[in-house]
Amino acid sequence: MSRQLVAWIQAAPMAVVMLAFLVAPIAMIVIVSFWGATEYSIYPAFQFDNYQFLFGSPVTYTVFLNTFKYAAITWAFTLVIGFTVAYFLAFEVRSLKWQIGLFLVCTIPFWTSNIIRMISWIPFLGRNGLANSTLISWGVIDEPLEWLLFSDFSVILAFVHLYTLFMVVPIFNSMMRIDRALIEAAYDNGASAWQTLWHVIVPLCKPGIMIGTIFVTTLVMGDFITVRFMSGSQRANVGRLISNDIGLLQYPSASATAVVLLCTVLIVIALLLRLVDIRKEL
Amino acid sequence: MTTISKVRYSRRSLLKTGGAALAAAALPAPMVWGQETKNITLRQFGTGVSNLNDVANKVKEDLGFTLEMTALDSDSVTQRAATQPDSFDIADIEYWICKKVWPTGNLQAMDVSRIANYDKIVGIFKDGKLTPESEIAQGTAPHTVGFVPEQGATTFADEQTNWMTLIPTIYNADTLGIRPDLIGRPIESWTELLNPEFKGKASILDISSIGIMDMAMVCEAMGEIQYGDKGNMTREEIDKTMAIFTEAKKAGQFRAFWKTFDESVNLMASGEVVIQSMWSPAITAVKSRGIPCVYQPLKEGYRSWGGGIGLSNSLSGMELDAAYEYINWYLSGWVGGYLMRQGYYSAVPETSKEFMSENEWGYWFEGKEATGEITSPTGDVLAQAGETRDGGSFEERMGAVACWNAVMDENQYMVRKWNEFIAA
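Chains as they are written, first to last, in the numbering used here: chain V, 1 to 282; chain P, 283 to 706.
Worth flagging that the hints you see were computed from the coordinates, not collected in a lab. The C-beta atom is built at its ideal place from N, Cα and C for all residues, glycine as well. Please note: incorrect hints may appear among the correct ones.
[What the hints assert, rightly or not] With a straight-line Cα cutoff of 30 angstroms, these simulated DSS-like cross-link-like pairs (lysine-lysine) come out: (1) 531/P / 340/P; (2) 481/P / 320/P; (3) 569/P / 635/P; (4) 531/P / 581/P; (5) 320/P / 69/V; (6) 531/P / 69/V; (7) 342/P / 320/P; (8) 69/V / 481/P; (9) 569/P / 581/P; (10) 340/P / 320/P; (11) 69/V / 532/P; (12) 340/P / 402/P.
[What the hints assert, rightly or not] A short, non-exhaustive set of chain P residues, derived as facing chain V with CB atoms under 10 angstroms: (13) 360; (14) 517; (15) 533; (16) 698.
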C-alpha cells in the first residue's frame, strides 16, 4: 500500500465521525430551513419565506441585539474575573501542589448540573430571598430589591457564574507557560508591576484569552435555558426564538433562525481569530 | 405492539380457559377473548394531567391488558399525534389539539353505539349545553370538534352523529389563582391581573395558545376590547390585546412568566407573585405546603379546557376491541372518581359518584361544605370539615364558562405576536 493510501485510511475514522455527527446534521438544518410548514406538518420546498420573515421582523433585530449584549457583558466580566483568578493561581501561589489543589477547588461547582447551579440562584435572589432579607436586616435597604431576580442582572449573573471557569482554564494554562525569566527581566529593567502585567503577561496570555473568549461567546450566544429561567421568561435571546418555534412545530422557521445564528457566531469567531493566530501562539 | 401468544395447552391454561368459558356464558361478549387480552398492550400518551400510573395499574387489574403511559407536555403531544401516528394506540389530547390534529387523518372516529354510557355523558360534549338553557361559550367548545359525519372524514360535523372523535375524559374551569393573605381584599374581576396595585407581582403563562385567552378575558373585562369570538380573534383583535399587555409588561406589571406547572407553584408559594393564571392542581400543590392560595372565581367567568382519548388510525381487530373496552371502563366510574378527587370533572359524573364518599361527592361536585377531611387520591389533606370548594358546585363552575381553550385561524400570526410580546 502506498503511504498516501495508509494516510487516508488513518484519517478515515475521524472523517466519518465528523461527517456523520457534524456535517450531516448541519446540512440537514440548512435544507429544512428552506422548507415550508403548516400548523402540524412540514413539507419539502425551496422557498425563502422563513428568511424573509426573519429579516423582515423587528423582533429579530431586537433579539439579536439582546443576544450580543448578553455575550459582550458576560465576556467582560468573565474575562476580568477569570484573568484575576488565573493570575492569582499562576503567580501568587508558589507551590505546584497548592496550585493544583486550588485549581480543583475552582472546578467543584461543576460537579453538579448546569441547571441546578442556575436555579439555585432563584430562591437566593427572590423578593423574600436570602440576599434581600440579609440586606434589610443590615439596614442597607428598606424595601426588597426587585431587580435582583427576573431581570437582565440575574441573567448575566448566572452566565458569569456558569462560564467564568471557561475563562480561567485557558488563561491559567497560558500563564503557566510563561517563562518566569521574562518577568524578572522586566522588573530588572525597572518596569512597574502594572507595566509588567500590561506589556509582558497580557500579550503572552493572548491565546488563552482568545480561547476563553470563544468558549464564553459561543456558549452565551447559543444558550436559551438560562435566559428563560433567570429572566422569568421576560427576556428573549436567539436561542429562545428557536426553542419557541420548535415548541410550535415550526421546524423550518427554527432552522432558518439557527442557520443565521450559526453564521453570526462563525463571523464573530473569524473576527476573533484575526486578532490572534492561535495556531502560531500554541 | 401487540403480541397474541400461542395458546399452550397446559393444565393451568385449560383450567383458566374453562373458567373464562364459564364466565363468557354468564357475562356479555368481551369476556370470550379474556384469555388473549392479557397479552395485549395499548400504548397511550398524553399530558401528565391524566396519564396516571394508578390508572394503568387499575386497567391491568380490571381488564387484564397492559396500558403503557407516556406523559409529555402539550406541545410535544400535538407534535406526536400529528407526526408519529404509529407510535401510539391511544392519544389522550385536548379538544383544541384535536382540531389541529384531526385533519392529518391519524385518528379514527369511534362508533358511538359501542359506548355503553354515551347517554350519560355531560351535554357539554354532545350538544354543547350543560343544561338546556345554557349558552355555548366561545373558543373551541368540545362539541364543535367532537363528531365527524362518517368514519374517515377529516372535517367535523355540526351536530351529534354516530362517530365521535374523542371520548371526553377530564375537564375543568380555570381562573386566576391568588394569595389572599398577601392581597388582603376581595378579588372579583379578571381586570385585577393588570391592576397597578399588583405591579411586579403578577404573572401569566407563557404558552401562547392559552395565555392569549387569559389576556382576552382581561381585556374584555377592562372594557378595552369587544371580541367577536375570543377563541378565534381577528388580526386587529390580536394586535390590540398584545398592545395592552406589552404596555403593562414595559411598565413592570409582571414578575415573570411561567411555562411549567412547578414554576407556577414556586412563583406563588415564594410570594414573588400574588395573582396569576394558574391550573387547579397547582393551587392544591401550594395549599399542601400550608400556604393560603385561592382559585378565585371571577364575575366574567372561567376559561375552560377539556381532554379526551382518541384512537389511532392503525388500531384494528382485537386491539381495537380492547380499546373500546378500555373506553367503556374509563367511563364506568373508577377513573372519574379518581380524577374528581383531584378537582377535575369526569365526563360521566353519575357513574363516578359510586366511587366517591358522600362527603367527597358533596364537596367536589355539589359545592357543599365538607363534613370531614377531604384528601387527594394520594392522601394529602386538601380541606378540613366546614370548608367549601372555590367556585361552588359543578353547575355553578361549568355553567360560568366564558370561553374554551382554542386554536385560532390566525394562529401563526398570533404566535409571532406572542414572540414579540416576550421579546418586548
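query = Taking 30 angstroms as the top limit, are the C-alpha atoms of residue 531/P and residue 69/V close enough?
reply = The given pair, whose Cα atoms are some 21 angstroms apart, holds under the 30 angstroms limit.
task = Go through the hint on residue 517/P and say holds or violated, using the shortest Cβ distance to chain V against 10 angstroms.
result = violated, 15 angstroms
Satisfaction of hint between residue 481/P and residue 69/V, Cα-Cα up to 30 angstroms = holds, 27 angstroms
message = Holds or violated: residue 340/P and residue 402/P, Cα atoms, limit 30 angstroms.
response = Distance of about 23 angstroms is within 30 angstroms: holds.
query = Regarding the pair residue 531/P and residue 581/P, is the alpha-carbon distance no greater than 30 angstroms?
reply = holds, 25 angstroms
ask   = Does the structure keep residue 320/P and residue 69/V at a Cα separation of 30 angstroms or less?
value = Violated - the C-alpha atoms of residue 69/V and residue 320/P are around 60 angstroms apart, more than 30 angstroms.
query = Going straight from one Cα to the other, do residue 340/P and residue 320/P come out at no more than 30 angstroms?
reply = holds, 14 angstroms
ask   = CA of residue 569/P to CA of residue 581/P, is that 30 angstroms or under?
value = holds, 23 angstroms
inquiry  = Need the status of pair residue 531/P, residue 340/P: alpha-carbon distance at most 30 angstroms?
reply    = The hint is violated at about 47 angstroms.
message = Tell me if the straight-line CA distance from residue 481/P to residue 320/P falls inside 30 angstroms.
response = Violated, at roughly 58 angstroms.
query = Does residue 533/P pass the interface hint, meaning its C-beta sits closer than 10 angstroms to a C-beta of chain V?
reply = With a closest approach of 13 angstroms, the residue 533/P hint is violated.
message = Tell me if the straight-line CA distance from residue 342/P to residue 320/P falls inside 30 angstroms.
response = holds, 8 angstroms
Checked against the numbered hints given earlier, the structure breaks hints 1, 2, 5, 14, 15 and satisfies all the rest.
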